[in-house]
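Asker: As given, the protein sequences belong to chains A and B, one line each in that order. Using this note's numbering, the letters of the first sequence correspond one by one to residues 12 to 508. Using this note's numbering, the letters of the second sequence correspond one by one to residues 150 to 463.
Hints are not guaranteed to be accurate.
Below are the PhoX-like pairs computed for lysine-lysine, each with C-alpha atoms no more than 20 Å apart in a straight line [said to hold, decoys possible]: (1) A:335 - A:266; (2) B:412 - A:379; (3) B:266 - B:191; (4) A:392 - A:381; (5) B:347 - A:349; (6) B:191 - A:335; (7) A:335 - A:426; (8) A:335 - A:396; (9) A:338 - B:412; (10) A:289 - A:326; (11) A:289 - A:442; (12) A:349 - B:266; (13) A:289 - A:396; (14) A:327 - A:273; (15) A:226 - A:396.
No lab work stands behind these hints, which were simulated from the structure alone.
Given next are the chains, with one letter for each unit.
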Amino acid sequence: MILEAKNISKSFPGVQALNNVSFGLEPGEIHAIIGENGAGKSTLMHILAGIYKHDKGEFFIDNKRIELDSFQKAKQQGIAIVFQERSLFPNLSIAENIFGSNPPRNKNIFFQVDWSQLSSLAQDYLDKLNITLNKNELVGELSVACQQMIEIAKAISNDFKILILDEPTSSITLQETEILFELIKQFKSEGRSIIYISHRLKEIKQIADRVTVLKDGEYVGTFDQENVDVDFLVSKMLGKDLENEKFNNQVNQNKEKVLSIKKLSGEGFSDISFDLHKGEILTLTGLSGAGRTELAYSLFGFIPSKSGEIFVNNKKTIIDSTSKAIKNGIGYLSENRKELGLFTGMEYRENIESNNLDKFSKNFIINKSKRDSVAEDLKIKFDIKIPNIDHLVLNLSGGNQQKVSISKWIYANLKILIVDEPTIGVDVGAKFSIYKILKEITSEGVSVLMISSDINETLNISDRIIVMFDGKISGILNADEANEEKILKMASGIDNE
Amino acid sequence: MNNFLKILISNRTIFLIALIFVFSLIASIFLGTKFASLGNLKAVILGQTSIAIMTIGMMALLISGVFDLSVGSIFALGSVFCGYFIKQMGMPYPMAMILALVCCGFLGAINAFVITKMGVNALITTLATMGIFKGLAIIIGGAGIMGLPREFIAFGRTDFLGIPSPIWYFLILLGLFSYLFNNVAYFRKYYFVGGNEKAAVLSGINVNNIRFSGYILSGLLAGFGGVLHASRLGASIPLAGSGLELQVIAAAVVGGASLVGGKGTILGGVLGAMFLALVFNVFVITGVSAYWIPVVNGIILILAVYFHVIFKKE
Chain A
12 MILEAKNISK
22 SFPGVQALNN
32 VSFGLEPGEI
42 HAIIGENGAG
52 KSTLMHILAG
62 IYKHDKGEFF
72 IDNKRIELDS
82 FQKAKQQGIA
92 IVFQERSLFP
102 NLSIAENIFG
112 SNPPRNKNIF
122 FQVDWSQLSS
132 LAQDYLDKLN
142 ITLNKNELVG
152 ELSVACQQMI
162 EIAKAISNDF
172 KILILDEPTS
182 SITLQETEIL
192 FELIKQFKSE
202 GRSIIYISHR
212 LKEIKQIADR
222 VTVLKDGEYV
232 GTFDQENVDV
242 DFLVSKMLGK
252 DLENEKFNNQ
262 VNQNKEKVLS
272 IKKLSGEGFS
282 DISFDLHKGE
292 ILTLTGLSGA
302 GRTELAYSLF
312 GFIPSKSGEI
322 FVNNKKTIID
332 STSKAIKNGI
342 GYLSENRKEL
352 GLFTGMEYRE
362 NIESNNLDKF
372 SKNFIINKSK
382 RDSVAEDLKI
392 KFDIKIPNID
402 HLVLNLSGGN
412 QQKVSISKWI
422 YANLKILIVD
432 EPTIGVDVGA
442 KFSIYKILKE
452 ITSEGVSVLM
462 ISSDINETLN
472 ISDRIIVMFD
482 GKISGILNAD
492 EANEEKILKM
502 ASGIDNE
Chain B
150 MNNFLKILIS
160 NRTIFLIALI
170 FVFSLIASIF
180 LGTKFASLGN
190 LKAVILGQTS
200 IAIMTIGMMA
210 LLISGVFDLS
220 VGSIFALGSV
230 FCGYFIKQMG
240 MPYPMAMILA
250 LVCCGFLGAI
260 NAFVITKMGV
270 NALITTLATM
280 GIFKGLAIII
290 GGAGIMGLPR
300 EFIAFGRTDF
310 LGIPSPIWYF
320 LILLGLFSYL
330 FNNVAYFRKY
340 YFVGGNEKAA
350 VLSGINVNNI
360 RFSGYILSGL
370 LAGFGGVLHA
380 SRLGASIPLA
390 GSGLELQVIA
400 AAVVGGASLV
410 GGKGTILGGV
420 LGAMFLALVF
430 NVFVITGVSA
440 YWIPVVNGII
450 LILAVYFHVI
460 FKKE
């Protein structure tokens, strides 16, 4: 075994994050670690990277006991980690980013940065990873997937033995995921080990050799990937069977148009026309950069479109501000809940209040007790795990934050809800409750325009699917005629022959 | 005990009341009735009314995530406009006062226009208008406009139920804006804009609208401070507003405003202003030179932000 963790425990004030967790990593192995949000995956990785100090337990590398008490020490032991959060400088070049704050220096001339060495070493790294980008390009101008590659190149600046990837695919699309997998397989063939954390079980089936499941900070078990299926893993993660969590997908038959878009063009998309029917879930899928979020922004008046027409309930409507969109019954749930969706420094109940000021007020005066009781009801209805309604949203897990974002829009009770990647970064349990919520509101007559890069989600809960490629619609499919292959072809701009 | 400390730290209003109480207690022990008398208390509050009224406007801006360095200059222009309209143009004083306030609101709108429509940031905009407005005050008012009529002076110098009129104006404004920012939907939007501007837009809040109303409010209240000052003095002094922005921002920050927005209450800001007034009052009583006031003011501002940083970490 290249790495062995024995009986690791770690507690934070009020929470036992890890309790006696052990696991081993073989050389040349891709080892997935899964579990719901709060299962302790990230904590364990932070300990391995020397960022958190564990309370109890031991680590062995190549059967030698080691202390992982600083980031530098972990790095010296050959452990490289890529965090879920980006840590790049968008205003600097690829080469500068790879070396970060520790660029090669010229010792003879006042330790100034040795630019020629930096440049050639950076090229070496890029070559080693088969990345064909120009090292002088600014990182801010790269796609998210390319940034991810640079993030990896940066992490492995040493001769690493173990690479930890924390949810590497949460913000990249299918095609980009393939590129990432190629890289991971290359590392594996070189005899390096990979610890892979993801919520996407299908990916794990595709790439992992073994899977370790954690639940509530406890070790559940390690399984050979070949011997288990997705449902088994889900039941291990949840600690219960999923059968009763599955919902009956009845296709919406109502053809009443609540939103029609005719030849809409704007920044990032052009010539978009489609109808949204009453009570349906219409999904916009495609690769990142296909213009889906930009289209949503224009429908919500955040960045108004440049030309074309929007009809709400068959009436031509100009939507040039978000307040106008809401007046016309359109809501928008952002994919970027921390920066665009939530007021993280404010209380949960205030977040519920943010877009419902009119609903909570009479004669312009806010009824705070009404707000509080609504917040309390939503908390119970959506099973938001929060101690009190005056708790700050900042301290919630990703899945719970997402539930807060969704519940504030559900309560707004609008006729059309645009949901942008509604399950991004949330665990399986929360995912199912979000699907249930969406199905529930559509059955009550709300129309949902969903943006999703998750192919299973798209196929499972949509009534119809629109595939976008390069700012244009490349196909509209009914749920029963859609499959993964068709969508992938359309999303990559390959015409059906 | 631990719980008590927690409440003290987490609730700024209670913290400030405790701070004022403890400070007054210590000052009373050392200074006796020179400090601890009803007359002195009245004088402290009266002397700080203009600052406290301006702090209400600054607090509103800080809650929404911006600030205004030009308040001292608008204060000066408010005073000068009023004097100019009365003396030079012969207007009846209520009309002159209202017109001066309208002008000051307009100056706030100029700040908002430059920030929202021209995209210049708040620091640069209000630093520039601080200079522009101050210059205009001196150009219009010269060395000062003296000999304002008795009726106008009465506005700031009458007593009602034994309490000077400026204190009444201040209390009315405090009550009004505390209520507005606590309970009225429109003013609640200030907290959301300050808490996360983009999320506010995506919640259907018109951020530019909030910016305009915030700067107009700040301009109006600063102008009112200036008018009140002119009324009490019987003269419009263009240089009277110099350096007030430091006092007003310090009061708001001591009162719980955060420079990134989303936090603070109107009452907190006013209590912050009153705490500063007590500190400077002790200076006056003990005979320390008034030149020390900006020095201590600056130190208090830095300490207030520093404590905020420490508490946040805990």
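Asker: For each hint, tell me whether it holds in the structure or not.
Answerer: To see whether the hints hold, each was checked on the structure:
1. A:335 - A:266: violated, 25 Å
2. B:412 - A:379: holds, 18 Å
3. B:266 - B:191: violated, 44 Å
4. A:392 - A:381: holds, 16 Å
5. B:347 - A:349: holds, 10 Å
6. B:191 - A:335: Given pair residue 191 of chain B, residue 335 of chain A is violated - Cα atoms ~50 Å apart, limit 20 Å.
7. A:335 - A:426: Holds, at roughly 14 Å.
8. A:335 - A:396: violated, 33 Å
9. A:338 - B:412: violated, 28 Å
10. A:289 - A:326: Holds. Residue 289 of chain A to residue 326 of chain A sits at ~15 Å (cutoff 20 Å).
11. A:289 - A:442: Answer violated: residue 289 of chain A to residue 442 of chain A is near 24 Å, above 20 Å.
12. A:349 - B:266: Status violated; Cα separation ~27 Å.
13. A:289 - A:396: Violated: residue 289 of chain A and residue 396 of chain A sit about 32 Å apart, past 20 Å.
14. A:327 - A:273: It holds: about 10 Å lies between the C-alpha atoms, which stays within 20 Å.
15. A:226 - A:396: At roughly 16 Å apart (the allowed maximum being 20 Å), residue 396 of chain A and residue 226 of chain A satisfy the hint.
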